[in-house]
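The sequence shown begins at 7 in this note's numbering and counts up one residue at a time.
Misleading hints may appear alongside valid ones.
Unchecked claim - Quick list of the computed label-pair ranges, beta carbon to beta carbon: (1) V215 with T180: 14 to 24 Å; (2) P228 with V198: 40 to 50 Å; (3) A276 with L244: 15 to 25 Å; (4) A276 with P243: 30 to 40 Å; (5) D213 with Y177: 12 to 22 Å; (6) E194 with G160: 39 to 49 Å; (7) D213 with H157: 22 to 32 Å; (8) Q238 with G30: 30 to 40 Å; (9) R131 with E221: 23 to 33 Å; (10) G202 with G110: 11 to 21 Å; (11) E259 with G110: 29 to 39 Å; (12) E81 with G283: 25 to 35 Å; (13) D275 with R210: 37 to 47 Å; (14) G30 with F176: 40 to 50 Å.
Simulated from the structure, these hints should not be mistaken for lab results. From the three backbone atoms N, C-alpha and C, an ideal C-beta is built for every residue, glycine too.
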Amino acid sequence: MSNGPAGHIGRFAVRSRPGAHHRGRLRTFLRTADGVRIDAAHDPGAVAHGTGGVPSDAPVDLAIVVAHGFTGDLERPHVRRAAGVLARYGAVVTFSFRGHGASGGRSTVGDREVLDLAAAVRWARELGHPRVVTVGFSMGGSVVLRHAARHEEGAGPDAVVAVSVPARWFYRGTAPMRRLHWLVLRPEGRLVGRYGMRTRIDHRVWDPVPASPVESVPLIAPTPLLIVHGDQDSYFPLDHPRMLAEAAPGHAELWLEPGMGHAEHASDDALLARIGGWAASRAGRRPARH
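Working from the sequences, and respecting the hints, build out all of it.
This is the structure:
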């Protein structure tokens, strides 16, 4: 196990089984700033291969770091599918948030997870990618917004995509969100999360309450920001993405997707491809100052 900085590759780094789909995939554990071990993987991306699929020696300049939703992890089929589509546009880093999958610690449902994302972004840069875009879904989307607002040197993104994100905390206006609050706040709910969903949830309440997504959005500029939301989202109605876009007038792009539900499961390959194209075109660009 590494005692190095967040994102450091230690002797526990291993490569996945050889195969066409996983060619060059690197699997490792990262150490966050608060000492949590985070399971992570790096896929070089389709554009890293030359004629005949031969890997290039030079890393792709763009890396897309995928932040999954609550109860997900990097091995979930919907996360792997999203990573596979995004890999057409650059290298992809996936990881499991604390308390999820093989990562250590307990989930704080979007609070200290910013440290997990920071470790993943640092790792992407250590691997030689000068441009890094963070793409987050649901809880992961709230994390990418809060993380980008920090403008942390060496761990900040060059562009941000937030999909199916709440604008404010403690929202209970839909049945799925009322069930989620039961899962997080009740002892019996946390047992269901641990044994039924492979998600270990911290029993402690937030103290202090972290800045909400809508409070974070104005601080992200001038980093390019894309907000994506479905008009059939059963967790968060359309006032959430509209609040986020209004909090950054003239800066954030808003895509309201007809017929789309919630997060990774509802993001089809065509939408993911559009997100990948946006990431490749916007990473590192800054809007002109007037």
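So, going through the hints one by one against the coordinates:
no.	hint	in the structure
1	V215 with T180: 14 to 24 Å	holds, 21 Å
2	P228 with V198: 40 to 50 Å	holds, 43 Å
3	A276 with L244: 15 to 25 Å	holds, 21 Å
4	A276 with P243: 30 to 40 Å	violated, 23 Å
5	D213 with Y177: 12 to 22 Å	holds, 20 Å
6	E194 with G160: 39 to 49 Å	holds, 42 Å
7	D213 with H157: 22 to 32 Å	holds, 25 Å
8	Q238 with G30: 30 to 40 Å	holds, 37 Å
9	R131 with E221: 23 to 33 Å	holds, 27 Å
10	G202 with G110: 11 to 21 Å	holds, 20 Å
11	E259 with G110: 29 to 39 Å	holds, 36 Å
12	E81 with G283: 25 to 35 Å	holds, 26 Å
13	D275 with R210: 37 to 47 Å	holds, 39 Å
14	G30 with F176: 40 to 50 Å	holds, 43 Å
Checked against the numbered hints above, the structure breaks only hint 4 and satisfies the rest.
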